[in-house]
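Chemist: If you want the building blocks of each chain, they are given just below.
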Amino acid sequence: AQSVTQPDIHITVSEGASLELRCNYSYGATPYLFWYVQSPGQGLQLLLKYFSGDTLVQGIKGFEAEFKRSQSSFNLRKPSVHWSDAAEYFCAVDASSNTGKLIFGQGTTLQVKP
Amino acid sequence: GAGVSQTPSNKVTEKGKYVELRCDPISGHTALYWYRQSLGQGPEFLIYFQGTGAADDSGLPNDRFFAVRPEGSVSTLKIQRTERGDSAVYLCASSPSRGNTEAFFGQGTRLTVV
Chain A
1 AQSVTQPDIH ITVSEGASLE LRCNYSYGAT PYLFWYVQSP GQGLQLLLKY
51 FSGDTLVQGI KGFEAEFKRS QSSFNLRKPS VHWSDAAEYF CAVDASSNTG
101 KLIFGQGTTL QVKP
Chain B
1 GAGVSQTPSN KVTEKGKYVE LRCDPISGHT ALYWYRQSLG QGPEFLIYFQ
51 GTGAADDSGL PNDRFFAVRP EGSVSTLKIQ RTERGDSAVY LCASSPSRGN
101 TEAFFGQGTR LTVV
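Protein chains in written order, with my numbering: chain A, 1 to 114; chain B, 1 to 114.
Since the hints were derived computationally from the structure, they do not count as laboratory data.
Here are the in silico distance ranges between beta carbons for each label pair:
no., chain 1, residue 1, chain 2, residue 2, range
1, A, 39, B, 14, 29 to 39 Å
2, A, 2, B, 27, 27 to 37 Å
3, A, 20, B, 66, 33 to 43 Å
4, A, 42, B, 87, 15 to 25 Å
5, B, 16, A, 11, 35 to 45 Å
6, A, 61, B, 2, 12 to 22 Å
7, B, 68, A, 71, 40 to 50 Å
8, A, 51, B, 40, 22 to 32 Å
9, B, 7, A, 80, 34 to 44 Å
10, B, 71, A, 11, 41 to 51 Å
11, A, 45, B, 71, 20 to 30 Å
Covered stretches of chain A (chain B as the covering partner; in silico rule of three or more C-beta atoms under 8 Å from a C-beta of chain B):
no., segment
12, 41–53
13, 103–113
In this text, a Cβ means the ideal position worked out from N, Cα and C, and glycines have one as well.
Please model the complete structure; the sequences and the hints are all you need to start from.
Modeler: This is the structure we're talking about:
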């Protein structure tokens, strides 16, 4: 069965420091992969997505992610974190033949220290 | 409207009661999804509509849960004989077509069963 694992439940970084959030997936075919962000009281917002092509994907708010098939990973990165990036981050895979049905990871809560 | 609208934003109900949760998708979006997010977890897929029909209801936990989308726009998630374990945030998302596109999420309905 398809699954998504986010190994880090909670991460704290200092403002201005770099960030990497890990995501590993289990899926038989080439996956469609997504990163969403959820701020308190807000809906899920798409940061970026990978369907095919260039394995380094640029997203909104200065985020990027790299698809590595050999490692079954799709890690999210940002060179310099801002206090407003504090939120919960979810990695997701399109579970079934491009229907848009998503399987989400457990989420990583990001705390930013001043 | 400008985004996916879910009503009510909060619902408290007594165990055993019936509840209806409403989702108003972005105008023109043919695909509509319901997810359930329990505390500390990522969203879990419940059901997916393409137009008026439920294309995939494999995520509905049992027959107490039912969803409709009679005119291919607004959808209602119905829960009969609510149980305390049904307490969660119920998220709705819509997209212009199935897969390969961004799903836009509403802010969710927080259901508490007491």
